[in-house]
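**Q** Below, each chain spelled out in residue letters.
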Amino acid sequence: MFVMRKAPYGTIYSFEGLETVLIMGAYEQDVSLLFVDDGVYSIKKGTDTTPLGIKNFSPTFRVLEGYDIEKLYIDKESMDSRGLTLDDFVVEPEVLDKEQIAKLMEEQDVLFPF
Amino acid sequence: MLHLVNKSPFASTSLESCLKFATKGAPILLFEDGIYGAMSGTALEAKIKDVMKDHPVYALKEDLMARGIDVVIDGVKTIDYPGFVELVERHKTCTWS
Numbered sequence: 001m002f003v004m005r006k007a008p009y010g011t012i013y014s015f016e017g018l019e020t021v022l023i024m025g026a027y028e029q030d031v032s033l034l035f036v037d038d039g040v041y042s043i044k045k046g047t048d049t050t051p052l053g054i055k056n057f058s059p060t061f062r063v064l065e066g067y068d069i070e071k072l073y074i075d076k077e078s079m080d081s082r083g084l085t086l087d088d089f090v091v092e093p094e095v096l097d098k099e100q101i102a103k104l105m106e107e108q109d110v111l112f113p114f
Numbered sequence: 001m002l003h004l005v006n007k008s009p010f011a012s013t014s015l016e017s018c019l020k021f022a023t024k025g026a027p028i029l030l031f032e033d034g035i036y037g038a039m040s041g042t043a044l045e046a047k048i049k050d051v052m053k054d055h056p057v058y059a060l061k062e063d064l065m066a067r068g069i070d071v072v073i074d075g076v077k078t079i080d081y082p083g084f085v086e087l088v089e090r091h092k093t094c095t096w097s
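Just so you know, the protein sequences line up as chains A and B, in that order. Following the UniProt record's numbering, the numbering of the first sequence begins with 1 at its first residue and continues without gaps. Following the UniProt record's numbering, the numbering of the second sequence begins with 1 at its first residue and continues without gaps.
Just so you know, these hints were derived from the structure itself, not from any lab. Hints should not be assumed to be uniformly reliable.
[Stated by the list, open to error] For lysine-lysine, the following DSBU-like pairs were computed, each having C-alpha atoms within a straight-line distance of at most 35 Å:
1) K44(A) <-> K47(B)
2) K47(B) <-> K98(A)
3) K44(A) <-> K20(B)
4) K24(B) <-> K55(A)
5) K20(B) <-> K76(A)
6) K92(B) <-> K98(A)
7) K53(B) <-> K103(A)
8) K76(A) <-> K92(B)
9) K24(B) <-> K98(A)
10) K47(B) <-> K20(B)
11) K61(B) <-> K45(A)
[Said to hold, decoys possible] Among the chain B residues that face chain A by a calculated CB cut under 7 Å, a handful are:
12) S8
13) F10
14) A11
15) P27
16) D33
17) T42
18) A46
19) M52
20) D54
21) P56
22) E62
23) A66
C-beta: ideal position from N, C-alpha, C; glycine also.
Next comes chain B alone, as it looks inside the complex (with noise of 0.2 Å):
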């Protein structure tokens, strides 16, 4: 199952609720204000390398870019559209709006 985060994790829940129900190995994709969780430097950058450990996290380039943020947290894997829509054709998916 892909888990599609599309909230920034400093005002919502989203994250927190995608984690606690996504089971190991699931990839996890971040994009609109979800990506400020792949940002590098913030309060959040270990927590997001403890998920890592679990679970492949990408992060959507074209929302980077919108909100300009040029260095995410190692380990991130950075995709485009085309990407995007490449991981939802090869997982059922599950979206934390």
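Bound conformation, chain A alone (with noise of 0.2 Å):
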């Protein structure tokens, strides 16, 4: 499980996470993604990063189904505080309270945090 805490552009974190899930994925590995924290920033719908210079890698999110990496979670509290809901986002993960997600965690063999 890819658990992705930090917000887009700012730092390159949430881009390569993105980038390592994708590999993983070609490898047809049992893959999930956690979007908690400032992570849920990263699947914000109506991102334009012309103005920044930069790739805008938001919307990339959405093919993670064409490689069959279909499990997406996101923490319930990280959305809130936030203002978030699920209408904000570029995909539509399962929204988790925090007891879910530590049941989830333990179940995984490996966490990749980024």
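Join the two chains into one complex using the hints; note that each chain is given alone, in its own frame.
**A** In structure tokens:
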């Protein structure tokens, strides 16, 4: 499971995390993604990076399905405190509370933080 | 003194530290990941509204656009890069990264 915890564009973590997810998908691993903390911002709709002169990778999260990566999860608390709802995202992750996330993390063989 | 904050207030204490030392009336510019503090509807909105009683708060338009933020808190002034330059020309600066 990849744990996305950082906002996009301010640092390279989110972009590099997505790249790694796509590579792992090509190896037919059982890959899942969890968005927590500022990681929830990486799937925010309506991003336009043209004035910054950098690549807009947020819509790329939509192609994960094509790589058979369909297990996307998001922390309810992180969404709520940032005033975001499922309508704000380019993908539709499953909304989980902290107990559900704790259980899910325990079940994973490996956790990759980004 | 113009205070520059470029880290997310949800992930860093940059804004907190800035507020601790910024004197009354000193402008605060939120840019890069700092702009999340300017977004309307977050758990921090009330706090930012409080900050604006003592400080003009600016948010960089280019960074808001890159992160898909359309609505900023009432009273936050949106500026672009030329506006950023003008502010820096007018003030000494202090960066909280």
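**Q** Each of the hints needs a verdict: does it hold here or not?
**A** Hint check:
1. Between the alpha carbons of K44(A) and K47(B) the distance comes to roughly 23 Å, so the proposed pair stays at or under 35 Å and holds.
2. As the CA atoms of K47(B) and K98(A) are separated by approximately 25 Å, the hinted pair is consistent with the 35 Å bound.
3. As the CA atoms of K44(A) and K20(B) are separated by approximately 31 Å, the hinted pair is consistent with the 35 Å bound.
4. Proximity of K24(B) to K55(A) is assessed by CA-CA distance (about 39 Å); at most 35 Å being required, the pair is judged violated.
5. Between K20(B) and K76(A), the direct Cα distance comes to roughly 30 Å. Compliance with the 35 Å bound is thereby established for this hinted pair.
6. With a C-alpha separation of about 44 Å, the suggested pairing of K92(B) with K98(A) is violated against the 35 Å cut-off.
7. A hinted pair counts as satisfied when its Cα atoms are at most 35 Å apart, and K53(B) with K103(A) does not qualify at roughly 44 Å.
8. Of the pairs offered as hints, the one joining K76(A) and K92(B) is violated, with about 41 Å between alpha carbons and a cut-off of 35 Å exceeded.
9. Between K24(B) and K98(A) the CA atoms are separated by roughly 39 Å; this puts the pair beyond 35 Å, and the hint is violated.
10. At roughly 13 Å between alpha-carbon atoms, K47(B) and K20(B) fall within 35 Å of each other, so this suggested pair holds.
11. For a cut-off of 35 Å, the pair hint linking K61(B) to K45(A) stands: about 16 Å separates their Cα positions.
12. A distance limit of 7 Å between C-beta atoms decides the matter here; for S8(B) the minimum to chain A is near 5 Å, and the interface restraint holds.
13. Of the supplied interface hints, the one on F10(B) holds, with its beta-carbon coming within about 5 Å of a beta-carbon of chain A, less than 7 Å.
14. Interface restraint check for A11(B): the shortest CB-CB distance to chain A comes to about 5 Å, inside 7 Å, so the restraint holds.
15. At its closest, the beta carbon of P27(B) sits 21 Å from a beta carbon of chain A; the interface hint therefore is violated under the 7 Å criterion.
16. The interface hint given for D33(B) holds, since its Cβ lies 3 Å from the closest Cβ of chain A, which is under the 7 Å cut-off.
17. At a threshold of 7 Å, the smallest CB-CB gap from T42(B) to chain A is about 4 Å, leaving the interface hint in force.
18. For A46(B), the interface hint is violated, since its Cβ never comes within 7 Å of a Cβ in chain A; the closest pair sits about 12 Å apart.
19. At a threshold of 7 Å, the smallest CB-CB gap from M52(B) to chain A is about 18 Å, leaving the interface hint violated.
20. Checking D54(B) against chain A: minimum C-beta separation of about 23 Å lies over 7 Å; hint violated.
21. With its C-beta approaching chain A no nearer than about 23 Å, P56(B) sits outside the 7 Å limit, and its interface hint is violated.
22. About 4 Å separates the beta-carbon of E62(B) from the nearest beta-carbon of chain A, less than 7 Å, and the hint is met.
23. Residue-level restraint check for A66(B) holds (minimum Cβ-Cβ distance to chain A is 4 Å; threshold 7 Å).
The structure does not agree with the numbered hints 4, 6, 7, 8, 9, 15, 18, 19, 20 and 21 stated previously, though it agrees with the rest.
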